[in-house]
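A.B. asks: Chains as they are written, first to last, in my numbering: chain V, -13 to 64; chain Z, 13 to 212.
In short, the hints are calculated from the structure, not lab data. The beta-carbon is built from N, C-alpha and C at its ideal position, and this holds for glycine as well. One thing to keep in mind: the hints can contain errors.
[What the hints assert, rightly or not] The calculated label-pair distances, taken between Cβ atoms and stated as ranges, are:
#, chain 1, residue 1, chain 2, residue 2, range
1, V, A62, Z, L113, 45 to 53 Å
2, V, A20, Z, S143, 27 to 35 Å
3, Z, G135, V, T58, 29 to 37 Å
4, V, L50, Z, A81, 24 to 32 Å
5, Z, D123, V, S34, 25 to 33 Å
6, Z, D23, V, A27, 44 to 52 Å
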Amino acid sequence: MTCKDAIAVLADYLEAAMSPELLAQLEQHLHDCAPCRAYLATYRKTKSLAAGASRVEMPEEMKLRLRDFLLTQLRAGR
Amino acid sequence: MVETDDRTLLDCAVAGDVSALEKLMSRHPGRVYRLAYGIARNQADAEEIVQDVFLSMVRKGASFEGHAALTSWMYRVTTNVALNKRRGKRRELEVSLEEHLPTYKEDGHRDGDRSYVLADWSGTPEQKLLSGETRRILEEAIDTLPDHYRAVLILRDVEELSNEEVAETVNDSLGSVKSRLHRARMALREQLTRYLGPQP
C-alpha cells in the first residue's frame, strides 16, 4: 500500500467500514510510515475541530424574532 | 410523561395554538439554524433560511407523519434553501480545493518537505486550537469550501447524520457524498497544517 492508497481510505478507516484485508494493509502501512501516521492524527483532529467550530447556537433575540414572525404569519393565514 | 409528538404539535400550531408552536420551536430551531449558518456562513442569511423553513413547516401542517419524518424533511429543506441562497454568491473555488489536497510522488508516496509531511499538531488541546488565530484560519478555510462540500461536512460531522442519510438529504449518490466529505476534511487539514506545522 502507498501513501496515496492509505490516505484515500482514511474516512472509511475512521468509520470502521473497511474489509479485514484492507484494514490489515492500512495498519501495516501506518506502522511503517510516519508521515501517514501524522496525516491520520491531524485528519482526525481536523474533523473534530471543524465540528466544534460549527456548533453555533441560534441567538436568543433571533428565536424571539422567529416566534413573532411565525405567529404573525399564522394569524394572517387564518 | 409522554411528549406530544411533532405531528400533533404541528396540527395544533396550524390551528393557532401558540403554546404548541412554542413547543415545536423549542425542539427544532437549533439544528435548522446550525445547518443554515453552516452552509450560508452569515447570520442574516441564516435567519431568513430558518424563517423560510419554519414557515413552510407550519403551512405544510399535517402532511408529516412523525418526528423522524419532520426531522428528515427539515434537513432536506434547510439544505436546499441554503444552497439556493448561496447560488450566485458562489465563487470559483474548485481549483483552490485541489490546491489543498495532498500531493504524491510517482511511486504514490507523499511528496513535499519531510518536516512538513511529518507535522503533527494533533496533540494541541482543542480548546486552544479553537481560539485566536487558528480558529480564524479554520473558519476561513470552511468559508472557502465549495457550498456542496460544506453542506456535506456539516450534515455528517456536525449533525452526525450517516453517510446514507446525507446522500438522501442532498439527493446525491453515496459515493459522491463520501468523496466530498473526505476532500473537504483534507482541504481543511492542509490549511491548518500550513499554519500550525511544522513546529520548530
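A.B. asks: Each hint needs a verdict: does it hold in this structure or not?
C.D. replies: The hints, checked one at a time:
no., hint, in the structure
1, A62(V) with L113(Z): 45 to 53 Å, "holds (51 Å)"
2, A20(V) with S143(Z): 27 to 35 Å, "holds (29 Å)"
3, G135(Z) with T58(V): 29 to 37 Å, "violated (52 Å)"
4, L50(V) with A81(Z): 24 to 32 Å, "holds (28 Å)"
5, D123(Z) with S34(V): 25 to 33 Å, "holds (27 Å)"
6, D23(Z) with A27(V): 44 to 52 Å, "holds (50 Å)"
Of the numbered hints given earlier, the model fails hint 3 alone.
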